[in-house]
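A.B. asks: One line per chain: the protein sequences are A and B, in this order. Read in order, the letters of the first sequence are residues 3 to 141 in our numbering. Read in order, the letters of the second sequence are residues 49 to 459 in our numbering.
In case anyone wonders, no lab produced these hints; they're calculated from the structure. It cannot be assumed that every hint is accurate.
Computed footprint of chain A on chain B; a stretch qualifies when at least three of its residues, placed anywhere within it, have a C-beta under 8 Å from a C-beta of chain A [said to hold, decoys possible]: (1) 54 to 66; (2) 73 to 82; (3) 87 to 99; (4) 188 to 199.
Beyond 10 Å from chain A on every Cβ pair, some chain B residues (computed) [as the list claims (entries may be wrong)]: (5) 144; (6) 244; (7) 246; (8) 264; (9) 362; (10) 393; (11) 412; (12) 430.
Below are the BS3-like pairs computed for lysine-lysine, each with C-alpha atoms no more than 25 Å apart in a straight line [to be verified]: (13) B:161 x A:85; (14) B:126 x B:195; (15) B:196 x A:85; (16) A:85 x B:428; (17) B:311 x B:447; (18) B:170 x A:85; (19) B:137 x B:160; (20) B:160 x A:85; (21) B:170 x B:99; (22) B:428 x B:386; (23) B:195 x B:130; (24) A:85 x B:195; (25) A:85 x B:198; (26) A:85 x B:99; (27) B:198 x B:99; (28) B:137 x B:182; (29) B:126 x A:85; (30) B:126 x B:99; (31) B:386 x A:85; (32) B:414 x B:450; (33) B:57 x A:85; (34) B:410 x B:428; (35) B:99 x B:160; (36) A:85 x B:124; (37) B:339 x B:179; (38) B:130 x A:85; (39) B:153 x A:85; (40) B:348 x B:172.
From the three backbone atoms N, C-alpha and C, an ideal C-beta is built for every residue, glycine too.
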Amino acid sequence: MKIGIRFSPIPLVIMAFILLGYKDLLPVLAFAPLAFFSYFFGTLFLIALMGFLVYYKVGGIEGLFLVVLGLIFIESAYLDREKAPREHYLIVTVASLLAIPTYILIGGLSAVMPKFEVTAIAVLVLISLYLFSRMVTSD
Amino acid sequence: MREFYPTGKALQLLLALWLGVLMAFFTLRWDMIYLTLPIMWLFFIAIAFFKPRLDVEIERILPHDRILEGEIIEVKLKVKSKERVPSLKITEDVSEELEIVEGSKEFLLSLKKDEVREVSYKIKVRRGVHKFNKIRMSYQDPFGFFKKDKEIELYGELIGVPLIEDIITPYSTKGTKITVGPLPSPRIGEGVEFHAIREYQSGDPFKIINWKATAKLGKIMSNEYESERKVDIVIVLDAGYQGAEVIDYSVRAAASLMLDSLKNGTSFGLLLSESVPLWARVDYGKRHFFKCVDLLSTAKPGKNNLIAYQVEHLIRTRFPANAQIIYISPLVSEESRKALKMMYHYGYKIIVISPDPYSALKPKSKEEDLAIKILGLRRKAYLRKLSPYALVIDWDVTKPLKTAISEVIRL
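With the rest of the complex left out, here is chain B (with noise of 0.2 Å):
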């Protein structure tokens, strides 16, 4: 990067300033050259005044660092300099995933000795973890004739989590019932293996109140205990290139999954099959539901479709046994298909949630409309021999999940 340098618009009136003098030779008429001096004070007053250190202070204001996939936010920009600059120009490092949608990443600023500014603009904030690296300052004179750039590393970070839907989690194990909560469950349990402290819910027996909590805290807490019929629920995502269009879709299902585990106590684990697998180990809890809402929020499509080897390594391992799975998954790939056998085959209980990948695709033309029409019964067929294994729910996702699950369920 250079330092200080001359601009296209110095440089042209720089010619026009030695035309000036050749025309004054040309036509012998040299005294005339006088009639460059204005050019000349010019030059000589943006060089003499106007040079300078670019001594500025930035710094970034982030409303918070995790945002709502699909929210508008102000981030603002404090400027304060440490010496006059007539004509600053900034540049802000926004990432292409972030869209502006008011203002714009350049700004012009004219500062006075110790004047702080603030400056903002607004963007939509996309699914994904968004990084902003630096600043970029170029100065340049009131005139225009020069520039000076420079580069501020200013790092910050913001996660655009998932849009979370109020659904109600699918279960197909039979006889195991989670103990508290609204879901109905034959007998109320009662372990016996103090767990946590957590909020009282109706139902709840009184003798479970926690009244220390409940005085401290200044609202009714109960004791919550180990039960042998919980239920542990395991997600297994299916990042798949080949489901890309509906990447967005399976992700928001797996957080509005995980907030209804994380509403009614129940312990959950997500299987984040990218190319490189995510697994977040199966867990309850406020600091649990966020780590795997963060892992989620990174989500690409991966290039290596290998689902069936990664939860085949897994299942062994890491799932627990007799856990509800619940697997998000366009199932497009022969790979995702031969994972759910897999799943089926160790004695799973599943549930697949299937985003249908043709149903997010708008067609152009007739014949576009006519090949989603053929993928679409193809992947159809699939899922209808795919039903032994386990309860598919077929999800459009222009309607919303909790359509497609109560659609399913009441059959």
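Same shape as in the complex, but just chain A (with noise of 0.2 Å):
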């Protein structure tokens, strides 16, 4: 089991810093130093993330913007243990922060459409995860 610690801790911090404003969602950290150690754990925290902030009802932009702190967390421990160059780091957060946008960008859609066309895209991002998921899962 190959531990290599370089930038991984830098979003953790930034992620344990913003939950300190939300103390419910605290004991997820626990979880954290596990990614150090493989992928899989790190897996399970970010799915114990996701699980808190829905549990929680913490969305918006800062339940995002935690989900994506996360997502780099536990990629940037993946590439550190594989000694990854600097611009791995970059792609990955830069691809993890587009999120971000995107969901403004569905925010500002859902404001001028009617109520019902929320439920739309809703649907229309399942159906689209599941047509994603397809491609990725075939060879």
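Dock chain to chain to rebuild the complex, using the hints, since each chain is given by itself in its own frame.
C.D. replies: Take a look at the structure:
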């Protein structure tokens, strides 16, 4: 089991700092150190984080930003172990952060659309997610 | 081989994504599935921008094609990418016989378009012919989500030649000495038939100096003539499996003897007795020497021990009359002893260099030590029994061959 720590603590520290404002979510940090050991544990941490966010209704840009940080954290821990070049960290960070403008765009669209359209967008996201999963897993 | 496939890491993250969706639905907060957006973006970027063609050229650079066994050499791989490859894993096809002493056979590279990179590793060469067949490339996107594997055929060959010791060939043939070189001879013989041009050696008469060749090459060259007094050497190497522990020593001894013959201008032949016998006819010169060394490099202990049969077949047709036979064998098999007696009965003068296979073993227990001692005594009894047939040099392989020869020759 390789443990190499370089940049991964940065998103974790930022996340811990934000989570100080959400006392209910703080226990999720207990899973975080496991991400340094393997990607599988990192995934468990991310699932737990999403679970806590959904359960405690911490959504919006803050909730999304926390997921982004969680994702960057587990990916950085993986890149640390692989001794990846710095540009790979940048790609991961930028790709994950793209979720925020997307969320703002969806939020903006829903404001100008009739109410039922929001449901339609959710269904659309779900369908695209299904198709996306098929595409990813097909050989 | 799959063309492009997701890794376990991708599947784990995909599982996290779907669990996020399910959690949002089961808690009736389905609008919160937007929390999965970062994961979706990451997958999307990986698929859209990091799907490669793997257009990469690789060249393997070996320092020489013949390397002395035990030497450490650096193998370089020159990698040229015709596209941007953020994460390329190269796995070199190194045969198990070659020991990697520095570096690794796997390399992880990040290449820009048209970038040329050189990576290397060091290997310790063993005796034998070592082939490099292919190189495996595995592309992994920077996130480690997808993989693409490719294998390219890249043939390379390396011959690990045996170590050579500076020894003097022992002779048991009386009255036939070679005409030139540092070996003592009652008379310096002169032939009539022109044979070759070689470098002048001390003791050569001035009249055989080839002045034309001397002027051309800038060093004193002499003509060599066929001599009636020259003795040919035939080296018979027993590569039977029963002496597998000392096969490397046998091969080194054969190569050392051949080098000595080359230095002295003596003609030599080689019979490498494996399951299929390899015969190099009696000849002289550097080219012949390298041909024999290449044969020796390939020597492996053969499963079938048919040396007596092979010798019987070749002795009648190929062995020159009155040749000096140097038989290298641990003499542990009945076949090898039978072969020795057969050569004797055909009237050849033989010198046996017998590497002791038990001297190469290190006992791990008292019982093993005792067993080795008993086997050693049995072998010594065999050697004594065979002494009327040949001059036997019993070689303890922990000592240099030169010492073993000088002990017997002095006696």
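A.B. asks: All the hints need checking, so say for each whether the structure fits it.
C.D. replies: Hint-by-hint comparison with the structure:
Check result for the segment 54 to 66 of chain B against chain A: holds, 11 residues qualifying (beta carbon to beta carbon below 8 Å, three or more required). Three residues within the 8 Å Cβ limit are the bar, and the segment 73 to 82 of chain B against chain A gives 7, so the coverage statement holds. As drawn, the segment 87 to 99 of chain B meets chain A at 9 residues by the rule of a beta-carbon pair under 8 Å; at three or more, the given contact holds. Note: the segment 188 to 199 of chain B has 4 residues with beta-carbon separation from chain A under 8 Å; the three-residue rule is met and the coverage holds.
Consistency note on residue 144 (chain B): stated as away from chain A, and its beta-carbon is indeed over 10 Å from all of that chain's, at 25 Å minimum. With a least CB separation of 60 Å from chain A, residue 244 (chain B) remains clear of the 10 Å interface cut-off, as annotated. Non-interface status of residue 246 (chain B) relative to chain A is upheld: no Cβ of that chain comes within 10 Å, the nearest being about 59 Å off. Every Cβ of chain A is farther than 10 Å from the Cβ of residue 264 (chain B); the closest lies at roughly 59 Å, confirming the non-interface assignment.
With a least beta-carbon separation of about 58 Å from chain A, residue 362 (chain B) lies farther than 10 Å from that chain, consistent with its non-interface assignment. Every C-beta of chain A lies more than 10 Å from that of residue 393 (chain B), the closest at about 68 Å, which supports listing it as non-interface. Look at residue 412 (chain B): its CB is around 34 Å from the nearest CB on chain A, clear of 10 Å, so calling it non-interface holds up. Every C-beta of chain A lies more than 10 Å from that of residue 430 (chain B), the closest at about 56 Å, which supports listing it as non-interface.
Taking the CA atoms of residue 161 (chain B) and residue 85 (chain A), the gap is about 22 Å. The hint holds against a cut of 25 Å. In summary, the hint linking residue 126 (chain B) to residue 195 (chain B) is supported, as the alpha carbons are separated by about 22 Å, within the 25 Å threshold. Restraint check for residue 196 (chain B) and residue 85 (chain A): the C-alpha separation of about 20 Å stays at or below 25 Å, so the hint holds. Of the pairs offered as hints, the one joining residue 85 (chain A) and residue 428 (chain B) is violated, with about 60 Å between alpha carbons and a cut-off of 25 Å exceeded.
Only pairs whose Cα atoms come within 25 Å are accepted, and residue 311 (chain B) paired with residue 447 (chain B) is accepted, the gap being roughly 24 Å. Taken as a hint, the residue 170 (chain B) and residue 85 (chain A) pair is honoured in the structure, with Cα atoms around 22 Å apart against an allowance of 25 Å. About 14 Å separates the Cα atoms of residue 137 (chain B) and residue 160 (chain B), which keeps this hinted pair within 25 Å; it holds. Between residue 160 (chain B) and residue 85 (chain A), the direct Cα distance comes to roughly 18 Å. Compliance with the 25 Å bound is thereby established for this hinted pair.
For the proposed pair residue 170 (chain B) and residue 99 (chain B), the alpha carbon gap of about 33 Å is over 25 Å, so the pair is violated. Pair hint residue 428 (chain B) plus residue 386 (chain B) holds up; C-alpha atoms about 16 Å apart against a cutoff of 25 Å. With a C-alpha separation of about 18 Å, the suggested pairing of residue 195 (chain B) with residue 130 (chain B) holds against the 25 Å cut-off. Taking the CA atoms of residue 85 (chain A) and residue 195 (chain B), the gap is about 18 Å. The hint holds against a cut of 25 Å.
Restraint check: the Cα-Cα separation between residue 85 (chain A) and residue 198 (chain B) comes to about 23 Å, which is no more than 25 Å; the hinted pair holds. About 21 Å separates the Cα atoms of residue 85 (chain A) and residue 99 (chain B), which keeps this hinted pair within 25 Å; it holds. For the hint pairing residue 198 (chain B) with residue 99 (chain B), the CA-to-CA distance comes to about 14 Å; that is within 25 Å, so the pair holds. Pair hint residue 137 (chain B) plus residue 182 (chain B) holds up; C-alpha atoms about 14 Å apart against a cutoff of 25 Å.
A threshold of 25 Å between alpha carbons decides the hint, and for residue 126 (chain B) with residue 85 (chain A) the separation of about 22 Å falls inside it, so the pair holds. Annotation: proposed proximity of residue 126 (chain B) to residue 99 (chain B) holds, straight-line Cα distance about 23 Å (limit 25 Å). For the proposed pair residue 386 (chain B) and residue 85 (chain A), the alpha carbon gap of about 63 Å is over 25 Å, so the pair is violated. Note on residue 414 (chain B) and residue 450 (chain B): the hinted pairing is violated, with a Cα-Cα distance of about 31 Å set against a maximum of 25 Å.
For the hint linking residue 57 (chain B) to residue 85 (chain A), the alpha-carbon distance of about 16 Å falls within 25 Å, and the restraint holds. For the suggested pair residue 410 (chain B) and residue 428 (chain B), the alpha carbons sit about 19 Å apart, so the restraint of at most 25 Å is met. Distance restraint check for residue 99 (chain B) and residue 160 (chain B): the Cα-Cα separation of roughly 15 Å lies within the 25 Å cut-off, and the hinted pair is therefore satisfied. Between residue 85 (chain A) and residue 124 (chain B) the CA atoms are separated by roughly 22 Å; this keeps the pair inside 25 Å, and the hint holds.
As the CA atoms of residue 339 (chain B) and residue 179 (chain B) are separated by approximately 19 Å, the hinted pair is consistent with the 25 Å bound. As the CA atoms of residue 130 (chain B) and residue 85 (chain A) are separated by approximately 24 Å, the hinted pair is consistent with the 25 Å bound. Using a Cα cut-off of 25 Å, the hinted pair residue 153 (chain B) and residue 85 (chain A) holds, with the two alpha carbons roughly 17 Å apart. A hinted pair counts as satisfied when its Cα atoms are at most 25 Å apart, and residue 348 (chain B) with residue 172 (chain B) qualifies at roughly 19 Å.
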